[in-house]
Amino acid sequence: MSNLLFLLILLPAVAALVCYFVRSSAVRTLTVVATGAILTIASLALLGQGTFEPLAVGSFLGISSDFLVTILDFALLGVIFAYGIKHKNLLIQGFTLAQAVLLAWFELVVVEHAAVPALVGDQLSLIMVLVVSIIGSLICIFAIPYMKEHEEHLHLKKSRQPRFFLFLLLFLGAMNGLVLSNNILWLYFFFEVTTLCSFMLIGHDATEIATKNSVRALWMNSLGGLAFVVGMMLVYSKTATLDISAILAAGPQGALMVTGIGFLCLAGFTKAAQIPFQSWLLGAMVAPTPVSALLHSSTMVKAGVYVVLRFAPAYVGTLLSDGVAVCGAFTFVACAALCIGQSNGKKILAYSTVSNLGLIICCAGINTPLAITAAVMLIIFHAISKSLLFLCVGTIEQAIGSRDIEDMRGLYAKYPRTATITIIGILTMLLPPFGVLMSKWMAIEAASSNIYVIVMLAMGSALTVVYWARWGGSLMATRAEGAVPEKQAALIRMPLTVLCLGAVVLSMASPWIYNSMLAPMFNAPPFTVSLGSLDAATGSFAVVPLFIVLGLGALYAVKAASGFRKVKIVAPYLSGSNVGEEGTYIGPMNGHVPFAAGNMYLGELFAEGKLTPIFNALAVALIVLMLGGAL
Amino acid sequence: MIGKVIDVTVDNVVGEVMKMKNDGHRLVTFSTYQEGEDGLGILYHFDKELETTHLRMTVKRDAPIPSVSGVYFAALLVENEIRDQWDVKFDGLVLDFNRSLYLDPEVTQVPLVSNVKIEPKK
Amino acid sequence: METLILVIIGLVAGPLLGGLIAGLDRRVTAWFQSRQGPPIMQAFYDVAKLFGKEKMVVNQWQILCAWVYMIAAAASVGLFFAQGDLLLIFFVQAVGAVFLVMGAMSAKSPYSQVGAQRELMQILAYEPVLILVFVGIYLVTGSFSIEAVWQLDQPLLAKMPLLYLALGYALTIKLRKSPFDFSTSHHGHQELVKGVLTEYSGPYLALIEIAHWYETVLVLGLCALFWSTNVAYMAVLLLATYMLEILVDNTMARMTWRWMLKRVWLLGMGMSVVNLIWLYAG
Amino acid sequence: MFGSFIKKSRAKSPWIIHFDCGSCNGCDIEVLACLTPLYDVERFGVVNVGNPKHADVLLVTGTVNHRNKKVLKNIYDQMPEPKAVIAIGACGNTGGVFREAYNVVGGVDQVIPVDVYVPGCPAKPEAIIDGVVVGLGKFAQKVEEAD
Amino acid sequence: MATTVIPFGPQHPVLPEPVHLTLKVEDEIVKEAIPALGYVHRGLEKLADIRDYHQMIQVCERVCGICSMIHAVCYSQAIEELMGVEVPKRAQVLRVIWSELHRTHSHLLWLGLFADAFGFESLFMQFWKIRERIMDINEATTGSRVIVSVNVIGGVRADLSPEQIRWILSEVDIVEKEVRALQDTIMNDYTVKARTVGVGVLSKENAYLLGAAGPTLRGSGVAQDMRMLGYGGYSEIDFEPVVETSGDCWARSTVRFRETLQSMDLVRQAIAKLPEGELAAKVKGNPPEGEVYTRVEQPRGECVYYIKGNGTKHLDRLRIRTPTFANIPPLLAMLPGCELADVPVIVLSIDPCISCTER
Amino acid sequence: MLFTPTVIKNLLKKPATRLYPFTVREPFPNYRGELYIDIDGCIFCGTCSRKCPSQCIEVDKNEGTWTCNPHACVYCGICRDSCPTKCLHMKDVHRKPMTERIMMVEKGEPPKPKKKAAAAEAPKAADKKAEPAKADDKKAEPATADKAKKK
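Protein chains in written order, with the working numbering: chain A, 1 to 631; chain U, 1 to 122; chain Z, 1 to 282; chain P, 1 to 147; chain B, 1 to 359; chain V, 1 to 151.
Rather than coming from a laboratory, the hints here were simulated on the basis of the structure.
Incorrect hints may appear among the rest.
A few chain U residues that face chain B, going by a derived Cβ cut-off under 10 Å, partial list only [unchecked claim]: (1) 10; (2) 28; (3) 39; (4) 58; (5) 77.
Each residue gets a CB set at the ideal place from its N, CA and C atoms; glycine is no exception.
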């Protein structure tokens, strides 16, 4: 058991060091692939062993592991502080310094160092480990050919890939540590490691904008770190324990403790890039695509929602809970609205990520078994689909040199494989019977008893349809007969295919996933599973029947469509104007007018520049209300 | 013909039209007619409170004619039409359809030049 | 077993009913315009004829999308007759709507592209309203499943009058009637020609027409839920609603989608929220 | 059975598209008048779809000139089979009073095959209805031949 | 912001006639509109070379089928002026009656099409239903519904009998009543106003400078109507031009709506003043050398004929400037900045007659 | 919604639709419909041919034929009005649609130069029948239209 845990946490760290120090691309490739494979197997093995009670981690080279973590904590703060100085950023310096001081006081004065079991493996942790290890590994593997191409494109003299993979792999280890931690100090440590890793990865390309955005990410996350420390201290002041399991078991313990949880949630918000902290995640787009994929799907932001979700039992039934729900719902609808105005594919994905994280947080806030189920389901399926989409956008970007969805029109004609996978990815984000939509369904049903939340969810889900559907639609095109087949590197094709299949197959298996992994979390599970459908008193979602009906239907439709050669392919209706040369029609002055179609971005309603300050202000107000509500 | 007729030349036509504009006249249209072998008569019709004024100009078809579309935007259509019908050029036409306002390349003859008589089709 | 029979009834009766309603609609519209109008069976002739036409597409994806639209619409009606979950029915229906949009976007035609964008705006307008209607039903019955509605002893309309009005907006949009017939109009005299349907032709247009019949049945079924206690009153309610729809269609100009977004969001959502607050309080 | 229903339906649901191919509007407004209450061709299932891809019958009014002949051809080509073309009015038939004008090519049959000629200047709505009826007869005949 | 290029026409269901506009739209707001014409160009002015001046009257009637009567009137007046023919009074007044009936049917037709442009199909049907009564009058009195062919050089070919006059008066009363019943809808209905008020605004100065004509000009507040000249039988009749000031689509439709009612009044006036007498003066010989410039008011505005005779039976030059030709530059000025959905409304608000424009 | 009274009125009244072709309205008496010639009265003077604005009539004095292209005819009635012997007439109904283009060719007896007086007797009876070309088609079409009328 503990070997597996060490493997999951330390192997990535070791592999990271190997990548950094052994500067050979073959070794690196091998290391990454092997680490990915081992992590996948280990996480599955961990799942196979089932949940485990909190367990203590012994000493390491004679030094107590808790003490080691404390040392590393300060070292980490030091590193971050140094970067704050290097980039002359007072916010980073201030936040880190405050953290260091508070932490020192906490560690040295307040805390009675009793042995706290450091690691725990409940359902949530195990699910998170799976998400991190499998999806994270796939992204790392995808990164190998991607980074090669990326660096060729940049004409770097000296490869910076060792550094890149160092942090990429370290990230996975940190995430695994984070989700398995039982000691709140350990949680804090891993939390900070992810902050540092994300900072390094965002700034990887070392361009001016990359540096700027990475610094912004760092200060925002340092603020989160500060909130974490404050929250931790407040919670400790009431519960007098560092044991998360114990804190959760005790439930809400009065205003001070709940406020502490509120601060922890705030830390989660910063990490999950909730409005008004969304800008760091949007800025993170400058990083190479695998980084974005990693940040958005299985790591970093998921660390944020994990924290909020993890502490959910500690604030159940309090005003804070409602506050969290409203904040989450607001982020959901606000980011969906902001997303309408975007044509940059990565930005759409980013806003959609933030929006979905909002929904997860909202579910955590609703805090009923149904809502928690929705949240966990959403974490799983969102991670799969979103990583898939990011990898797709990365592939497309390298193929066509643009990440703008207007430029991706008719992608199928040239890159049928990538386009099809992207379309499937979009559909899995958007439509039933796929997992993301199923979680959304659960969320809406769970939120029905809260009028503020449900109104926002209703609006948000409509907005979501708009930005996904138009992207998906514009990728479609007809392939000319005898078009050149698309080439894809094996290490790119493998993650794409696996993720794409995973998104579909796991969605279909969701009743069993629910039964085996989620239902045991609750005393009164929200659903019963019969005939492959999730039934509850409030409603039911017929997963497998729908899959069968729609799946067979879709198969039939594909068959009908693939017989298209028998169908006459004609030019589009252009009001009788004659089609001129390729992609034009004959217009005024007998000239060839190039065909162009653009999506509507509703500039006057959903302008990013106009809405962002308003949303930020509203969100700050909501967060203040949330924290105030906790008191 | 009803209305005052003022004779203008290629050199002062734009100025005269400008004068009419400043006087508050509305440009109604131009009329054209064949003038001799290779000449073209252009009448600029103006209207002010139902009173008509015409400017008459005769030009050679091979020399460019100054466009008044800069003065009256509305002249662009009629100038393009004249361009189609008489194969003359206008200098400074704001939107030059280049003989494609009405005609497609299939029409090879210059329609209104009367020595190119159109034969009745069978 | 009973459910299965119901589903089959729904799948068969859906298009028959929908086609008949479409025929009646055209007839009554003609009467409103002082015309005699087409035969009642006209909608069936139209679709049968379309099936007999040459297959012609701009893009192979259209075929896929037309089929999926039809299947999803049928599935949602099937689910409705199986007394399923209202939200789920709605989401399944949304599959069709999304595929219709994507199919229209796949063609390199400006009309169907703009039509698709407008269709999205329509989805944007009616989706929140519909979800709130379902939430209202949940608040009254304690469940999202249709089964629960039949167990009421008081019609939903008594508790959700405003939500019914708001549903009217969604109904008008879904039936593609004036003043909301932007993305594709039944009359075809529109700046977008046929909007999303411009590039569908022949059998594929027929599929979409059938899907539209299913959707008509579905939305009218939703309306029927509002007077679940008495079949006679239910029929009266449906008849009155549909006649009102036709009347509105015939006495209003087509508006623009900007107007629609503002109107439906402010008025439709407003009415829904007021009604919901009442339900929460009650 | 379904096959025969389709065949029967063809004659009962002629969707028309009207293309004004350089007409003086005389015939155009008469075509439009056919749709209006007094004539109401929707009695026969006629719908003016305005989109060649949905249409069965192409009503053409007016002379063909050098520019619109390409448009006419394009529209005709975009109509799925089976289809019928009805040329309306003297201009659509032969070019009418304009047939000697320099930009006039002639009647519609110079560009696409015409099934029914409706003479008149302009053709009365009654004549157009007669034309559509004749066209449907021709239509049914064509379908028979194709089978 | 992404641009969509929309080829609007030549074949388009909301455009009754083939004309092309290349529209560049962003978020459905028109940024640029470039026209293409030439789909109806026949070159009929040139037909004067092979048709004699009597036959040309039939050709001119077919410049446009909707206002054919008034084209013929304008052409005949031009030739009559050139040749110094005195038209009998009865013929002049009869021309007024048919001209105003033509204006009525043209405006009713337009009101219907306009309603169709903003998606109000029932209103379209209603206007066209009413219009059929006017068409019946045309058919009964002249022998053809649309292209009436009653004009000859020197007068008219058809006459009205007293029974016909009584019948016309009763029909005109019915039409007026039915049209008045629609006044509220076209002028005050909420949805109609939402689609027309403030759409396609053309200021008075712009309308004048861009050379707008007819209701387009009058809708922008310029009182300019060729009937004020009192040509032909109009000298006998009281006439006040209809003017609206707001310059938007609503103003233009209101001008036309009120003109419809006014036309019926003019028909009644003309019938009341119909003198007895000859129908046509005798015309001998060929048009002499010389130029004529004639203007009449068509339903769409001021129509100008310029004729140059050379002493033979063929005219040296026939030049027709129709109102739509003048209204296209204002249209191009109105389009940028409007919504895509408003394009048909604005295009139709000038009552385009492309067939007139291109001849 | 100000249009409501009108549509309600329409709904309550009988539709305005004329059920053409099932019921045919009494035509207006002087409608300029189908042009035909009473060839017996024709003196082949060619006035109609010269006056026709569409120039769709050809008269051959020597052959004794009067040819008209009904598809180019604009139904203005000028020829009828200017015919010196009033042998051109217009029916009060429109010409029926056809599936093929036709030419109206009427062969009559040209005013004979005195010596050929008796020569033209023989063909006269046979040529009374109009449109030798495509005669069958033309017959078939009005027949179907008639059938529709009776239905």
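So, going through the hints one by one against the coordinates:
For residue 10 of chain U, the suggested interface contact is broken, since its CB lies about 21 Å from the closest CB of chain B, more than 10 Å. With 10 Å as the threshold, the beta carbon of residue 28 of chain U comes within range of chain B, its nearest partner Cβ sitting at about 6 Å, so the hint holds. Violation of the interface hint for residue 39 of chain U is found here, the shortest Cβ-Cβ separation to chain B being roughly 13 Å, above the 10 Å cut-off. Interface hint at residue 58 of chain U: violated, since its Cβ lies 13 Å from the closest Cβ of chain B, which is beyond the 10 Å cut-off.
Proximity of residue 77 of chain U to chain B holds as hinted, the smallest CB-CB distance being about 6 Å (cut-off 10 Å).
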